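The listed protein sequences derive, respectively, from chains A and B. Position one of the first sequence corresponds to residue 1 (my numbering), numbered consecutively onward. Position one of the second sequence corresponds to residue 1001 (my numbering), numbered consecutively onward.
Derived by calculation from the structure, the hints in this document are not laboratory data. Since the structure is predicted, the reported quantities are computational estimates derived from the model, not experimental observations. Warning: the hint list may mix true and false statements.
Here are the computed distance ranges between Cβ atoms for each label pair [unchecked claim]: (1) Ala99/A <-> Asp1027/B: 15 to 21 Å; (2) Glu1038/B <-> Ala99/A: 51 to 57 Å; (3) Lys51/A <-> Glu1087/B: 27 to 33 Å; (4) Gly1046/B <-> Val88/A: 17 to 23 Å; (5) Asp1057/B <-> Arg107/A: 20 to 26 Å; (6) Asp1057/B <-> Thr45/A: 35 to 41 Å; (7) Glu1087/B <-> Thr36/A: 53 to 59 Å; (8) Arg46/A <-> Asp1057/B: 58 to 64 Å; (9) Arg107/A <-> Glu1009/B: 48 to 54 Å.
These stretches of chain B come out as covered by chain A in the derived footprint (C-beta under 8 Å, 3 or more residues) [what the hints assert, rightly or not]: (10) 1026-1035; (11) 1057-1070.
Just so it is clear, CB atoms sit at the ideal spot from N, CA and C, and this is done for glycine as well.
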Amino acid sequence: MDGRSGGVDRVFAALGDAGRRSLVEAVATRGTATATELAAELPVTRQAVAKQLAALADAGLLRATRAGRETRYEVTPAPLEDAVEWMVSVGTAWDERLAALRRSLGRQGKSRSIRQAPGGSSS
Amino acid sequence: MPSERINVEREIVVPEDPDEVWESLTDPDRLEEWFAQEVELDARPGGEGVFRWGDGDERRAVVRELEEPERIVLDWDDGGSVAIELEPVVDGTRVHVVESSPEFAPAFELRTLSLETSAAKPPTPGWEAAPPEAALAWTVAAAA
């Protein structure tokens, strides 16, 4: 879990720029977007948009997939992946613990019934 | 503000009655049989617990709620928590566990904040120049 802070720092660094933040929002609003699509609606050149998108992808905030000659981006905030990782590791831990609890109770019950057996006649 | 916590839930039914299961949840010796390798626990509201695992992991907790033999809630020192509830059923006891994560703040606040900053963004210049107050707002929102 401690590995998370490094990722968060990178996210902050990538988002320390207002232009990049609005790009992330624009991508999130569309679901997916290319530099060309975004440049058509923003007051910047396609090259500038492409450069910022690549920086955001490097920071793990966007996922890039090739779509023909263009690169298509979607938002994949790194901490979301941390959340999924947490869910899986905690879920696995509880599966194991509850199985151990069941065994522990079983052993406990056995020793109890031996202790409580009247006179211990059969053993 | 939306909750950024996620929950993991598990449930089993064991043949023992709630009083027996309760001991396994609150007696450190019993907890060492299934929950962690080394357990210290002061099982009363406000009591503290230390749990150590074989891999060197150690977690500290405070008992937030305790209702014998029904419900115990621990707050972990990382901001997460776990609630274990016991319910008598025909063939024993239902053990219901809900572990809540610490907050995964930044990702979930991303959209809200960038909406705010884009609304405040000047139309043409300032593309490269981040208004310092916007960066500050982001940091504060993520730490809250």
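Checking C-beta pairs, does the segment 1026-1035 of chain B have three or more residues closer than 8 Å to chain A? It holds: at least three residues are needed, and the segment 1026-1035 of chain B offers 4 whose Cβ sits within less than 8 Å of chain A.
Beta-carbon spacing of Asp1057/B to Arg107/A - inside the hinted bounds 20 to 26 Å or not: Holds, since Asp1057/B and Arg107/A (Cβ atoms, about 25 Å apart) stay within the stated range.
So the hint says 17 to 23 Å: do the beta-carbon atoms of Gly1046/B and Val88/A match that? violated (32 Å)
Has the hinted range 35 to 41 Å been met by the Cβ atoms of Asp1057/B and Thr45/A? violated (50 Å)
A range of 48 to 54 Å was offered for this pair. Does it hold for the Cβ distance of Arg107/A and Glu1009/B? Hint violated: Cβ distance 26 Å, outside 48 to 54 Å.
C-beta pair Arg46/A, Asp1057/B: status relative to the range 58 to 64 Å that was hinted: violated (49 Å)
So does Glu1038/B sit 51 to 57 Å from Ala99/A, Cβ to Cβ? About 20 Å separates the Cβ atoms of Glu1038/B and Ala99/A, which means 51 to 57 Å is violated.
Lys51/A paired with Glu1087/B, Cβ distance criterion 27 to 33 Å: Roughly 58 Å apart at Cβ, these two residues miss the hinted range, so it is violated.
Outcome for the supplied range 53 to 59 Å, where the beta carbon pair is Glu1087/B and Thr36/A: About 58 Å separates the Cβ atoms of Glu1087/B and Thr36/A, which means 53 to 59 Å holds.
Measuring from beta carbon to beta carbon, are Ala99/A and Asp1027/B in 15 to 21 Å? holds (19 Å)
Go check the segment 1057-1070 of chain B versus chain A for me, would you? Three or more residues, Cβ under 8 Å, otherwise it fails. n = 0 at 8 Å, threshold three: violated.
The structure does not agree with the numbered hints 2, 3, 4, 6, 8, 9, 11 stated previously, though it agrees with the rest.
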